[in-house]
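For this one, chain A is given, so just place chain B on it according to the hints.
Chains A and B, in that order, are what the protein sequence lines are.
Quick note, the first sequence lines up with residues 142 to 447 if you use our numbering.
Quick note, the second sequence lines up with residues 12 to 261 if you use our numbering.
Calculated directly from the structure, the hints in this document are not laboratory data.
All C-beta atoms, glycine included, are put in the ideal place defined by N, C-alpha and C.
You may find that some hints are simply not true.
Partial pick of chain A residues on the chain B-facing surface, computed with a CB cut under 7 Å [unchecked claim]:
| hint | residue |
| --- | --- |
| 1 | S208 |
| 2 | L211 |
| 3 | Q411 |
| 4 | L415 |
Cβ-Cβ distance ranges computed for the label pairs, FRET-style [as the list claims (entries may be wrong)]:
| hint | chain 1 | residue 1 | chain 2 | residue 2 | range |
| --- | --- | --- | --- | --- | --- |
| 5 | A | I441 | B | L92 | 53 to 61 Å |
| 6 | B | S214 | A | V240 | 16 to 24 Å |
| 7 | A | A155 | B | G93 | 17 to 25 Å |
| 8 | B | F56 | A | I418 | 58 to 66 Å |
| 9 | B | M118 | A | I441 | 21 to 29 Å |
| 10 | B | L236 | A | I418 | 41 to 49 Å |
Residues per chain are reported as follows:
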Amino acid sequence: MQVYLPIAEISVNAFLLLGLGGLVGILSGMFGVGGGFLMTPLLFFIGIPPAVAVATEANQIVASSFSGVLANIKRKLVDFRMGTVLLVGGLVGSACGIVIFNYLRSQGQVDLLVKLCYVVFLGAVGSLMFIESLNAIRKSKASGGKPPARKRHNWVHNLPFKMKFRVSGLYISIIPPLIVGMVVGILAAIMGVGGGFIMVPAMIYLLGMPTKVVIGTSLFQIIFVTAFTTMLHATTNFTVDIVLAVLLIIGGVIGAQIGSRIGAKMKAEQLRILLAIMVLGVCGQLAFDLLLRPNELFSIALEGGH
Amino acid sequence: MMIRLFVALLIIFALPVKAQEIVFGLDQESIGISATFDGVDLQIFGAIKRDAPLIGGDLGIIIAVSGPLKPITVRKKDRRLGIWVNTEASEIEAAPSFYAVATSAPMSDLLNDAEDLTHSITLPRVIRSMETIGGGTGDFTDALIRIRAGEGLYQTLENTISFRESTLFNTTISLPANLTEGDYPTRIFLTRDGQVVDMLQTSILVEKVGLERILYNLAHEKAALYGLLSLSIAIAAGWLASAVFTAFRR
Numbered sequence: 142m143q144v145y146l147p148i149a150e151i152s153v154n155a156f157l158l159l160g161l162g163g164l165v166g167i168l169s170g171m172f173g174v175g176g177g178f179l180m181t182p183l184l185f186f187i188g189i190p191p192a193v194a195v196a197t198e199a200n201q202i203v204a205s206s207f208s209g210v211l212a213n214i215k216r217k218l219v220d221f222r223m224g225t226v227l228l229v230g231g232l233v234g235s236a237c238g239i240v241i242f243n244y245l246r247s248q249g250q251v252d253l254l255v256k257l258c259y260v261v262f263l264g265a266v267g268s269l270m271f272i273e274s275l276n277a278i279r280k281s282k283a284s285g286g287k288p289p290a291r292k293r294h295n296w297v298h299n300l301p302f303k304m305k306f307r308v309s310g311l312y313i314s315i316i317p318p319l320i321v322g323m324v325v326g327i328l329a330a331i332m333g334v335g336g337g338f339i340m341v342p343a344m345i346y347l348l349g350m351p352t353k354v355v356i357g358t359s360l361f362q363i364i365f366v367t368a369f370t371t372m373l374h375a376t377t378n379f380t381v382d383i384v385l386a387v388l389l390i391i392g393g394v395i396g397a398q399i400g401s402r403i404g405a406k407m408k409a410e411q412l413r414i415l416l417a418i419m420v421l422g423v424c425g426q427l428a429f430d431l432l433l434r435p436n437e438l439f440s441i442a443l444e445g446g447h
Numbered sequence: 012m013m014i015r016l017f018v019a020l021l022i023i024f025a026l027p028v029k030a031q032e033i034v035f036g037l038d039q040e041s042i043g044i045s046a047t048f049d050g051v052d053l054q055i056f057g058a059i060k061r062d063a064p065l066i067g068g069d070l071g072i073i074i075a076v077s078g079p080l081k082p083i084t085v086r087k088k089d090r091r092l093g094i095w096v097n098t099e100a101s102e103i104e105a106a107p108s109f110y111a112v113a114t115s116a117p118m119s120d121l122l123n124d125a126e127d128l129t130h131s132i133t134l135p136r137v138i139r140s141m142e143t144i145g146g147g148t149g150d151f152t153d154a155l156i157r158i159r160a161g162e163g164l165y166q167t168l169e170n171t172i173s174f175r176e177s178t179l180f181n182t183t184i185s186l187p188a189n190l191t192e193g194d195y196p197t198r199i200f201l202t203r204d205g206q207v208v209d210m211l212q213t214s215i216l217v218e219k220v221g222l223e224r225i226l227y228n229l230a231h232e233k234a235a236l237y238g239l240l241s242l243s244i245a246i247a248a249g250w251l252a253s254a255v256f257t258a259f260r261r
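Chain B on its own, in the form it takes in the complex:
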């Protein structure tokens, strides 16, 4: 016991001393998708711990919540023989199923391009595809961002973090109803003059619970049984409706 405590203290003292550090909390560490799930508001709050008085430029906060990264294909329609058909396609190596980035001031004041590239903070940096390798975005990545933003899955929330006295901050990020399961890495960046001075990361577990969990597992692990169950429900419901209506007629 004593030895463990001693080791712990050693580690703490061995860490490099930072001028500013973030401490933060979430109102929920995990999100359960139940049958009545209709999206959720995630509260993120915290403070900046300072050892020395503030010198230099203003501090800023950026919070990024991301869904699991998945490969996708984006297709484009074109007119062929008078009708609109899919012609070109672009493979996107990894795109988050959900991404929200909130800031305490306009993004361009808080973050320079080099730091964005290092930490992958803005959406064009998070999405990995042939088009985004050079740093820009092409038609297909733009379309992906546009479509998912329309569905509330990609959110850029500039100036939505309330940041008081360069010390206390808090914000709310709305997660939509069409969330997919997985680990949602949540990162908080403290910046000054476009540079990231501190970063903290945690992750929120989003998973189906209760009946949703049971049905999802059954569908994937015992597919034949699940199929038969679906069919029996259909047959039983069909018979029941017929029997009830016949009884009413007599």
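Isolated chain A, as found in the complex:
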């Protein structure tokens, strides 16, 4: 069934969009990432104009994250206090990110920046997680199934402005979470994603939060940052396509529910290694695009956006 999208101004198959939404939703529920880093490139691929894809994807992430966070709140796996601190940093970062994004769009280099960001961050985060979780699995097998205690103290714990995060079982300075939130916010606005795939590892390895709490807390923060981004895009660029969003959302929220139940049954190390493989896969694909000679060297841009 073909559906004409009023803002994107193209006609696409409704079932294709429902399916894409569902698939990405499952992954999002499993790993606590918004799924934007998969969905945005997929939308480009089926011909949605990049500006519309980025803005609409932000709106869809709100839905799948909200659905996912409810499942996590019921299981008491959301650290609201930590989420709020990350959020404050996130909003500041995303406002800065949009300024950078608009400047580079006027220079015609935004595609390059987005792709380079993807390759660098997905590559770094993916390899780090892959090696770490491989080691964790090897160790847990050697020591008879007992997971190793992660190192709880590093330089992060010696900074001022300490605060107690009871759900995470942490007593740390609020400076690292603020910086993490801000960096993620900047990248989220530039890359058109929620930023979970960067935040999740940062929370685990930098802040030392338990993996189970990390997922719910990152979803909590992502809801607000992407809602803010959606409003910015809707009011300044008029690029949020509500029909596209509804189709992706229907698939996405169902997928997220299924995904979060699969995630709850899996071991933390298994979850992390799967996420790492997926992140590295997307990274490799984008790196090839940059390194290989494209079939079409020319591209068309409408003046003044939409």
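Below, chain B alone, put in the same frame as chain A:
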């Protein structure tokens, strides 16, 4: 009433008498883009009205349907430090969002360069840019035509008009699903020996209708409300899915 009729008659008689004239029709005067819009086939048909018997060369028909003209930028990628990045760019002053030109015989038999220049019929003449001023096309205009032709937006349909007895003609032009809104000027040319002997112009209005229209207007005129509406749908859908799945588990 009588006076008006008299004036009308005067105007008709005052018009110069042409040896051949085109009369034509379209199967639709306007195209509505609804939620299930998936492109449309436009039928164009007509006849040549003749007062005198045909003398001289054969007649030919050219039909051109154009979308709204818009300025665009074409960018070119080049290898820098091992990766492919946009380096050169060319501004194109005006390019149609859609263009289809159909003919009853090969274009070169129907139209000479001077007439093409006067009436802007072939694509390189329609697109206005620094490259096409001299009459040729450069790399960037060629790329624009190549990319849009690949998307079905630029069509050159030679020999697709059926033209019987130099009198009756008809053709079908397929408009793709990714149409933009606006007036689509449609021109029909009657040619002989490379010269245009008659030309008729009409325009087809392409616009969004129904829900598509409402949503598009809302997004542009009440952007904040539209943004909030999008967000409420997202939140409601997220909550609903969660509630439904929780109910199923019990």
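Right, here's what the structure says about each hint:
1. S208: holds (4 Å)
2. L211: Holds, about 4 Å.
3. Q411: At 23 Å from the nearest chain B Cβ, A:Q411 fails the 7 Å test, so the hint is violated.
4. L415: violated (22 Å)
5. A:I441 - B:L92: 53 to 61 Å: With Cβ atoms ~25 Å apart, the hint is violated.
6. B:S214 - A:V240: 16 to 24 Å: Given about 42 Å between the Cβ atoms, the range is violated.
7. A:A155 - B:G93: 17 to 25 Å: violated (41 Å)
8. B:F56 - A:I418: 58 to 66 Å: With a Cβ separation near 60 Å, B:F56 and A:I418 satisfy 58 to 66 Å, so the hint holds.
9. B:M118 - A:I441: 21 to 29 Å: holds (25 Å)
10. B:L236 - A:I418: 41 to 49 Å: holds (42 Å)
Hints 3, 4, 5, 6, 7, counting from the list given before, are not met by this structure.
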